[in-house]
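Number of protein chains: 2
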Amino acid sequence: MRHAVIMAGGSGTRFWPASRKNRPKQFLSLASDVPLVRQTFERVAPLVGAENTWIVTTKDTAELTRKAVPEMPAGNVLAEPMGRDTAACAGYACEALLNVDPEAVCIVLPADHVIGEEDRFRSSLAAGARHVEASGGLLTFGIRPTRPETGYGYLEIGEESASIGDWQVHHLKRFVEKPDIDTALTYVDRGQHFWNAGIFAWRAQDFLSEVRRQLPLLAHGLAKIGAAFGGSDAERVLDEVYPTLQRISLDFGIMESAETCWTIPVEYPWSDVGSWPALREVLTADENGNVERGRVLSLDSSNNIVVSEGPVISVIGLKDIIVVATPDGVLVADKEQAQRVKDVVNTIKERGWHEVL
Amino acid sequence: MRHAVIMAGGSGTRFWPASRKNRPKQFLSLASDVPLVRQTFERVAPLVGAENTWIVTTKDTAELTRKAVPEMPAGNVLAEPMGRDTAACAGYACEALLNVDPEAVCIVLPADHVIGEEDRFRSSLAAGARHVEASGGLLTFGIRPTRPETGYGYLEIGEESASIGDWQVHHLKRFVEKPDIDTALTYVDRGQHFWNAGIFAWRAQDFLSEVRRQLPLLAHGLAKIGAAFGGSDAERVLDEVYPTLQRISLDFGIMESAETCWTIPVEYPWSDVGSWPALREVLTADENGNVERGRVLSLDSSNNIVVSEGPVISVIGLKDIIVVATPDGVLVADKEQAQRVKDVVNTIKERGWHEVL
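Sequences listed follow chains G and R, in order.
Its first residue numbered 0, the first sequence is counted upward by one per residue in numbering that gives the first Met the number 0.
Its first residue numbered 0, the second sequence is counted upward by one per residue in numbering that gives the first Met the number 0.
Simulated from the structure, these hints should not be mistaken for lab results.
Don't take each hint at face value.
Have a look at the derived ranges for each label pair, beta carbon to beta carbon [claimed, not checked]:
#1 R:R350 <-> G:N21: 32 to 40 Å
#2 R:G164 <-> G:H353: 35 to 43 Å
#3 R:A222 <-> G:N287: 35 to 43 Å
#4 R:G190 <-> G:K341: 26 to 34 Å
#5 R:G150 <-> G:P69: 36 to 44 Å
#6 G:N287 <-> R:K348: 46 to 54 Å
#7 R:K348 <-> G:S28: 27 to 35 Å
With a Cα cut of at most 25 Å, we get these calculated DMTMM-like pairs of lysine to aspartate or glutamate [claimed, not checked]:
#8 R:K341 <-> G:D84
#9 R:K341 <-> G:D285
#10 R:K348 <-> G:E239
#11 R:K318 <-> G:D84
#12 G:K66 <-> R:E335
#13 G:K177 <-> G:D165
#14 R:K341 <-> G:D319
#15 G:K318 <-> R:D84
#16 G:K318 <-> R:E255
#17 G:K341 <-> G:D84
#18 G:K334 <-> R:E255
#19 R:K20 <-> R:E50
#20 R:K334 <-> G:E239
#21 R:K348 <-> G:E308
#22 R:K177 <-> R:D118
#23 G:K341 <-> R:E62
#24 G:K348 <-> R:E308
Here a beta-carbon is modelled for each residue, glycine too, at the ideal position from N, C-alpha and C.
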């Protein structure tokens with residue numbers, strides 16, 4: 000049976016002051032009125048059903064996650080005792096799926112992206128699932144680049160292997176690290192490189208085989224957790240073993256050296272909304288180039304991103320800045336330096352202002 | 000007897016979002032932890048006693064004023080039914096003083112300035128009061144300019160008339176409108192022009208005589224209010240007459256054409272803190288030129304003014320801006336355009352966001 004696994008373990012320091020320790024990015028709405036994790040659920044559930052949709056998150060946010068997606072069975076929220084990066088996260092989910100469905104095929108995707116043209120999106124996921132059901136291997140989705148982005152990793156595709164409906168499945172030639180701008184420009188032109196969207200499809204068995212082959216220690220830990228599922232000991236084993244799991248990303252740890260990898264190139268609107276400036280990708284700017292959310296009042300200002308989660312914000316005579324305000328935290332940053340929000344969060348920790356973390 | 004009259008009728012739209020309709024500027028602390036109106040009270044009360052200190056404010060803020068200065072008799076807060084500018088305000092106070100003290104000499108001063116060297120300040124006030132007790136006339140205090148300020152009116156002094164302790168009393172030659180920058184530069188050099196601080200001294204009788212001479216209609220209205228004082232009809236008469244009083248400033252309406260005017264030049268630190276950028280005059284900047292109040296965290300930023308009334312504010316990579324945040328309102332402005340806060344308040348009115356007015 001087909002399942003969807005939503006990875007919702009992010010900490011989201013890049014979205015302070017809107018995101019907090021106990022309200023990471025996936026609980027923000029950003030571009031709509033619905034939290035991202037719920038948007039993601041609504042995007043995939045029509046394909047596999049709510050009962051086959053799973054969300055992996057940390058214990059801290061499990062309850063909030065269940066509240067955001069009340070129509071999903073509570074047990075489908077898999078709570079990691081602590082974050083151990085995405086390889087462990089995906090492995091944990093596959094063990095859980097196999098426990099209920101030995102033939103499980105799963106689509107794995109992040110909780111905190113914004114994606115348009117949802118019918119086409121689901122159509123591509125269905126094609127991916129069908130391909131791995133038939134052919135095995137680990138399948139990735141590559142977004143055709145719309146700009147020479149230097150902040151993403153790329154997938155370089157090889158020959159076409161199959162055609163499923165509107166979609167072509169290619170061999171994946173290689174993963175490419177974040178390129179410099181000149182290289183990124185050639186990627187846009189040549190059409191062989193696609194953004195790695197962090198969306199995957201595979202048979203749970205195939206994924207765990209790759210884990211056993213490449214990361215045997217991780218596989219061993221996951222197997223212990225898997226063997227305890229459903230027993231009275233499950234939680235104790237999880238709490239004991241999970242913190243010892245190898246901490247490595249899905250891309251580095253598994254995908255880059257997997258035996259068989261596919262890519263389906265896709266073109267629907269996609270953004271990982273990685274930081275405040277990325278809101279420009281998912282919200283429409285007004286005639287002055289301002290992107291505004293909430294009660295915002297701009298005078299003689301242009302090309303700003305201004306987001307209110309409560310307060311009335313007024314901006315006068317400024318351009319190319321980001322303003323984000325909640326009742327207890329305000330960020331005002333030059334757009335080019337938005338990535339330093341992480342430093343802000345660290346400094347807030349140092350200063351002991353815990354209630355705004 | 001000597002009295003002090005604190006004029007606290009300002010509306011303070013220039014300090015949004017900290018100032019609001021029912022919390023005008025004089026209730027802000029700005030440079031210390033004490034509201035300006037209370038700072039002003041504490042500055043003058045040692046000279047005349049709390050029982051001879053009076054505050055004129057509007058009915059909307061009378062209660063807040065009494066709470067800010069609980070040691071002053073409640074009846075010393077004179078509540079205008081509505082603001083009618085400073086000539087009416089000073090006249091109302093003089094009528095009230097004469098009702099309890101026919102020989103009243105009064106020092107009149109704004110509630111919302113910041114003044115240093117308080118002993119010297121009080122010494123100058125005492126000298127001014129002594130001079131008008133002896134010689135009559137209306138006396139002004141002129142601040143020696145420390146910079147070529149084009150935002151203030153100036154007092155041009157004439158010959159010295161008397162010397163009282165450390166202080167020289169000059170004839171006031173004329174009031175000078177806000178100068179251009181070249182003229183302001185000559186004022187700093189020549190030493191004959193002083194900032195009009197809006198601080199005055201006179202015998203209440205002398206002031207009301209000038210009102211009768213120059214603004215007979217205003218005098219007539221004030222006399223009606225004065226005649227009703229202490230009677231059962233006092234409040235009704237005040238409510239009926241006050242809104243009809245001529246609306247004109249003390250400077251234009253009375254001072255500029257008064258028969259006898261004096262000026263005592265003074266040099267203590269003084270600021271009318273007329274807008275957010277003026278905080279630089281009364282707060283110390285850090286080594287990056289940042290003036291900060293409250294929980295503020297600046298990275299790679301300089302020459303900003305950042306004021307928090309609650310939220311943690313983080314500023315990244317910006318200079319020459321003003322940020323002010325309360326839990327429900329945030330201002331982010333280019334320093335040169337801070338005067339447009341008034342437009343913001345008007346726009347907020349238009350949009351109907353009444354709870355942040």
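Hints versus structure:
no.	hint	verdict
1	R:R350 <-> G:N21: 32 to 40 Å	33 Å, holds
2	R:G164 <-> G:H353: 35 to 43 Å	55 Å, violated
3	R:A222 <-> G:N287: 35 to 43 Å	56 Å, violated
4	R:G190 <-> G:K341: 26 to 34 Å	55 Å, violated
5	R:G150 <-> G:P69: 36 to 44 Å	59 Å, violated
6	G:N287 <-> R:K348: 46 to 54 Å	22 Å, violated
7	R:K348 <-> G:S28: 27 to 35 Å	29 Å, holds
8	R:K341 <-> G:D84	50 Å, violated
9	R:K341 <-> G:D285	24 Å, holds
10	R:K348 <-> G:E239	59 Å, violated
11	R:K318 <-> G:D84	38 Å, violated
12	G:K66 <-> R:E335	47 Å, violated
13	G:K177 <-> G:D165	29 Å, violated
14	R:K341 <-> G:D319	23 Å, holds
15	G:K318 <-> R:D84	38 Å, violated
16	G:K318 <-> R:E255	44 Å, violated
17	G:K341 <-> G:D84	18 Å, holds
18	G:K334 <-> R:E255	51 Å, violated
19	R:K20 <-> R:E50	29 Å, violated
20	R:K334 <-> G:E239	56 Å, violated
21	R:K348 <-> G:E308	20 Å, holds
22	R:K177 <-> R:D118	29 Å, violated
23	G:K341 <-> R:E62	45 Å, violated
24	G:K348 <-> R:E308	20 Å, holds
Of the numbered hints listed earlier, those contradicted by the structure are 2, 3, 4, 5, 6, 8, 10, 11, 12, 13, 15, 16, 18, 19, 20, 22 and 23.
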